[in-house]
Structures are given as C-alpha cells and as structure tokens.
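Student: Letter by letter, the chains look like this.
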Amino acid sequence: MKYLLLINTLSPDSTEERPAEGPTVEDFMAFDKAVSDAGVKLDGNALDITTATTVHVRVNGERVVTDGPFAETREIVGGYYLIDVPDLDAALDWAARCPGARFGTVEVRTVWEPVQP
Amino acid sequence: MNEQRAARSVEAVFREDRGRLLALLAARFGDLDLAEETASEAIEAALQRWPVDGVPDKPLAWLLTTARRKAIDRIRRDRAYAERLAILQVESDRAAPVVPAEAGFDDIPDERLQLFFTCCHPALSAEAQTALTLRFLAGLTTPEVARAFLVPTATMAQRIVRAKRKIRGARIPFRVPGPDELPARLPGVLRVVYLVFTEGYAASSGTDLLRPDLADEAIRLARILHRLLPREREVTGLLALLLLTDARRAARIDAAGGQVLLEDQDRALWDVDRIAEGRRLVVPALTGPGVGPYAVQAAIAALHDEATAFETTDWPQIVALYDVLLQIEPSPLVALNRAVALAMRDGPEAGLVVLDELTGAEELRGYHLLPAARADLLRRLGRSTEAAAAYRAALDLVGNEPERATLARRLRELTDP
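Top to bottom, those sequences are chains F and B.
Going by my numbering, the first sequence opens with residue 1, and the numbers climb by one from there.
Going by my numbering, the second sequence opens with residue 118, and the numbers climb by one from there.
Fair warning: there could be bad hints in the mix.
To be verified - The following label-pair restraints were derived from C-beta to C-beta distances:
| hint | chain 1 | residue 1 | chain 2 | residue 2 | range |
| --- | --- | --- | --- | --- | --- |
| 1 | B | Gly286 | F | Ala38 | 20 to 28 angstroms |
| 2 | F | Glu72 | B | Arg521 | 35 to 43 angstroms |
| 3 | F | Arg109 | B | Arg193 | 29 to 37 angstroms |
| 4 | F | Glu107 | B | Glu466 | 46 to 54 angstroms |
| 5 | F | Asn45 | B | Arg397 | 57 to 65 angstroms |
| 6 | F | Glu72 | B | Val278 | 27 to 35 angstroms |
| 7 | F | Thr15 | B | Thr429 | 54 to 62 angstroms |
| 8 | B | Val278 | F | His56 | 31 to 39 angstroms |
| 9 | B | Ala301 | F | Asp48 | 28 to 36 angstroms |
| 10 | F | Arg109 | B | Ala301 | 21 to 29 angstroms |
Said to hold, decoys possible - Here are the computed lysine-lysine pairs in the BS3-like style, where the Cα-Cα straight-line distance is at most 25 angstroms:
| hint | chain 1 | residue 1 | chain 2 | residue 2 |
| --- | --- | --- | --- | --- |
| 11 | B | Lys283 | F | Lys2 |
| 12 | F | Lys2 | B | Lys281 |
| 13 | B | Lys283 | F | Lys41 |
| 14 | F | Lys41 | F | Lys2 |
| 15 | B | Lys281 | B | Lys187 |
| 16 | B | Lys175 | B | Lys187 |
| 17 | F | Lys2 | F | Lys33 |
Don't read these hints as lab results, they were simulated from the structure.
Small disclaimer: the values here were computed from a predicted structure and weren't measured.
Every residue, glycine too, gets a C-beta built ideally from N, C-alpha and C.
Sequences and hints are given; from them, build the entire structure.
Tutor: Written as structure tokens, this is what we have:
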C-alpha cells in the first residue's frame, strides 16, 4: 500500500516563533538513508518553501496566480516521501521517525489505487 | 417448542459471543463489513437449520464455520471483494477453516483483543473509537449506540460507516501491538472503556442520573480485556476502579430517581460482592514500580467503599493518593477532586483556596462540578451569598436532571431557609 508522507513546516510568512533547535540536514539525511535502506521509499524530496506559488482558475476561466500558499496558511509542505508499506501502523512508524514530525507535523495519506478492471 | 429452543440458543450465542465471532471473522478477512454481513447470514442460517436439525453441540464453532464458508463464497463470487482481499494480502490459511466444526469453545482463538486495538486506533476520532467499540465489542446495535451518544441513528450510522471506510481505506491493521508499542496504545483502549463507564455513571444530559446499561457494558468490556491481558496492571486497575465505583450504584439514587450524595448514602445498599472483587484486584494493580492512574483511582475508590460512614473515611490517605495521581497525571480535574478531599481533611477553608486557584483552568471551563464544589464549601463556611452565586453558576452548566435538582435544592435551602 502506498502512503504519501507530507512534511509540514511553518510557513515562511508565519509570525510564529521557530524552534531554535530545528531539525538539521544531517537528521533528514539519516532518515532518508533509513527509509531507503529499508526498501520502502519510492520517492521523496525536500521542497523549496520560499518559492511556493498558488494557481486558482475561477469559474469564468480567469487564472489567479498568487505568491505563496493560500493566505492564512500557517504551515506549508516542506517535503514529502512516497513509501510502500503493508499498513497504516507501518506508515505511522516511518512518519514518526521523520525529523519533520518533531518540529512540525507529518500528514500521512493513502494513495488512491483504482481496482483493476 | 424446538423452534423456540433453537431461537433462544442462537440468541444466547450471539449475545454472548457476537464480539468474538466478529473479531474472528475480521481477523481472518481483514474487513469489518464482510465480517458483519457473514455473521448475520450465519445467524439467519442457524435460525432456519437448528429447529430442523437440532442445536449443534458447539454453536459458536458452527456459526463460525458457516460464516466463513459464506465469506469464501462471496469472495469467489464478488470480484471487487476478491481484489480488495488480494490487496490486503490475505494469506491462504486465513480463508481456510482453521477451526474444525467440532472444536470446543476454548479451542477457538479469542481474537477480540485485535478488534479492540483496531476500533480504538488513534487514527480514528475519539467519537468513532467509542462508537465502534460499543458496536463491535459490546454488541450494541447502531440505534443503541446512537442512543448512548444521544444523536440520531442516521448520524451514528454515518459515523460508523466513515470509520469503517477509514479502517479499510487507510488499512488500519487488525493486530495486537507488540510489547514495545503496547504502552503507547493500551491507554487509548482503556480510555474508551472508561468513557463508556463515566457516561453510565453520571449521564452528561437527560432525565436519568445513571445509565446502567452503559455501566454494565463498560464492566463487561473491562472484564474481557482483563481476561485477555491478565498481566497488564492498568487493565486490572481499570476493572477494579469500575467495580469499586459501580458497587455504590443502588445507593446513588432514591426511589424517585433523585441523586443521593455520598455523605447521605445508605451504605447497606452497596454491593459487597463487587467491593470484594474490586479490592482483590486493586492489590496486584498497585503492586510494583510504575503504578498507573487507574490503579491509584481504584485505591481511592476502595478507601471510600471500606469506610463504614462518610465521617470515618480515611481522608488523609485519600489526599495522599490524589497527590500520587497528580504526579502521574497532572490535570485540573484531578486537582479538583484532590481539593474536595483536602477540604474533608483540613476543613472547607483549605479546600476553597485550592479550588479558587483552579477557576481559570481551561480544562474545567463549562464543567459544573467546579462551581458545585465551591458552592458546597462556601455553604459550609456560612458564606451564603457567595455560595448561592456558585450554585447558580453550577446550575447553568449541569447536564442531567437529577444533578440539577440536587443543586437547585441546595440553592433553595440557602436563599429561603
């Protein structure tokens, strides 16, 4: 079963205080190695959180492009992993090990798989 | 005649072990819907066959075998099911009859623990956890669960459907957490059982103070957990707590259904068997390092039950136990209870000081027992005007009618002596 781990961090515009001891690059590299070595990683990467741009197409076809995520968004997706594990408990274990879970949140979502015809 | 006997047997088996049958089927097929449907079909088959063929010696094994056969038929017939199960990687032995029809009751594995952990999985909302536990382990029907929550049946049915969909869709596993995960997961299961009990102990709304059906179900669930996890001390502690608290049930309401406070209760009405059973369980729950919150609460309940009169209750010991409880579970609610015990030990003034410190606590906002406790202490100190104001504040927040009547009576006694 495929699960997408969405690593949420504070939005760059957020006025909330950032923890001084944020996760280090080494923390993330160690996690990446663990998830790769376990053979469950299908894909995964960090995302640049300063270049987010949002597109919304209005009913009349007008394309509205705005800087950043939706206004009022406190958190922004800072990275993701796509993993293949047997069940939710296994996915939650990986999410809990992700350094992002200690300073932000990691949302676990199942990837919808259509039943083969 | 025979038909009646058969129908009664089906009922008895189903009432007693519906949870077990469902748990076994869910564990085999990893699908709550399939488990429910085939269990119902097996019951229907039993109602037709048993009056003709006679009641089998091992009714549960018969039902299980029948249900499993129907599940396999359905999987063969229904492509969608087959594919879903293939996705679930159901091993071939899961679909094979591992329990022979002649197996005795005790030969059949009890899979209810797996179902407990699935129903109380933290990925489900607290409401869904309680609803699923009542539905699949306590054996309540959806309308009964809806009544327990005081919501329309359709709302509850929707909530259960959504929860089942999440179990299947996110693939919440049917398994007992390993020893390393158990300390994190077990409290969630115990909390659900405790919540069912507290709603039965003092209903959050409605005309009745007690909901005996819910209290009974909670005790039944705690007994099952205790049987399945006899060495988990908090499970033992929870069962002890429920028994020792429930022992006072008959004395807590008068003939008219009105509330009788602890100090006014006829202690001869307390259930001595429950007290004895609870006290036996408290000992192992408390023994050893790292004592848990349910065991401490059970010890407090035991001290209340052991007192021959309200006045002779061992208040110093109760305050000491609340201090321990505050250490392991620091919460304003525990502090509130401790303050009430402290007032009994050191006088109302001392209790009031602590209660006033709690007034701003977010957790207690909207909780009627805080102003009610303040009112009681102010009344005992002769500060009638302040007491009346506190009773009015409590009356604004109280949910069930008998508790409201008690508070209103106190207020009347103060304002119009």
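Student: If a hint holds in the structure, say so; if it doesn't, say that too.
Tutor: Tested hints:
1. B:Gly286 - F:Ala38: 20 to 28 angstroms: holds (24 angstroms)
2. F:Glu72 - B:Arg521: 35 to 43 angstroms: Between glutamate 72 of chain F and arginine 521 of chain B, where Cβ atoms are some 42 angstroms apart, the hint holds.
3. F:Arg109 - B:Arg193: 29 to 37 angstroms: holds (33 angstroms)
4. F:Glu107 - B:Glu466: 46 to 54 angstroms: holds (51 angstroms)
5. F:Asn45 - B:Arg397: 57 to 65 angstroms: holds (59 angstroms)
6. F:Glu72 - B:Val278: 27 to 35 angstroms: The hinted range 27 to 35 angstroms holds for glutamate 72 of chain F and valine 278 of chain B, with Cβ atoms some 32 angstroms apart.
7. F:Thr15 - B:Thr429: 54 to 62 angstroms: For threonine 15 of chain F and threonine 429 of chain B the Cβ distance comes to about 59 angstroms; the hint holds.
8. B:Val278 - F:His56: 31 to 39 angstroms: The hint (31 to 39 angstroms, Cβ to Cβ) holds, given that valine 278 of chain B and histidine 56 of chain F are roughly 32 angstroms apart.
9. B:Ala301 - F:Asp48: 28 to 36 angstroms: Given range 28 to 36 angstroms: holds, Cβ gap about 35 angstroms.
10. F:Arg109 - B:Ala301: 21 to 29 angstroms: With Cβ atoms ~22 angstroms apart, the hint holds.
11. B:Lys283 - F:Lys2: holds (15 angstroms)
12. F:Lys2 - B:Lys281: With a Cα-Cα distance of about 19 angstroms, the restraint between lysine 2 of chain F and lysine 281 of chain B holds, given a limit of 25 angstroms.
13. B:Lys283 - F:Lys41: holds (23 angstroms)
14. F:Lys41 - F:Lys2: holds (10 angstroms)
15. B:Lys281 - B:Lys187: holds (21 angstroms)
16. B:Lys175 - B:Lys187: holds (18 angstroms)
17. F:Lys2 - F:Lys33: Holds - the C-alpha atoms of lysine 33 of chain F and lysine 2 of chain F are around 19 angstroms apart, at most 25 angstroms.
Consistency with the previously given hints is maintained throughout, with no hint failing.
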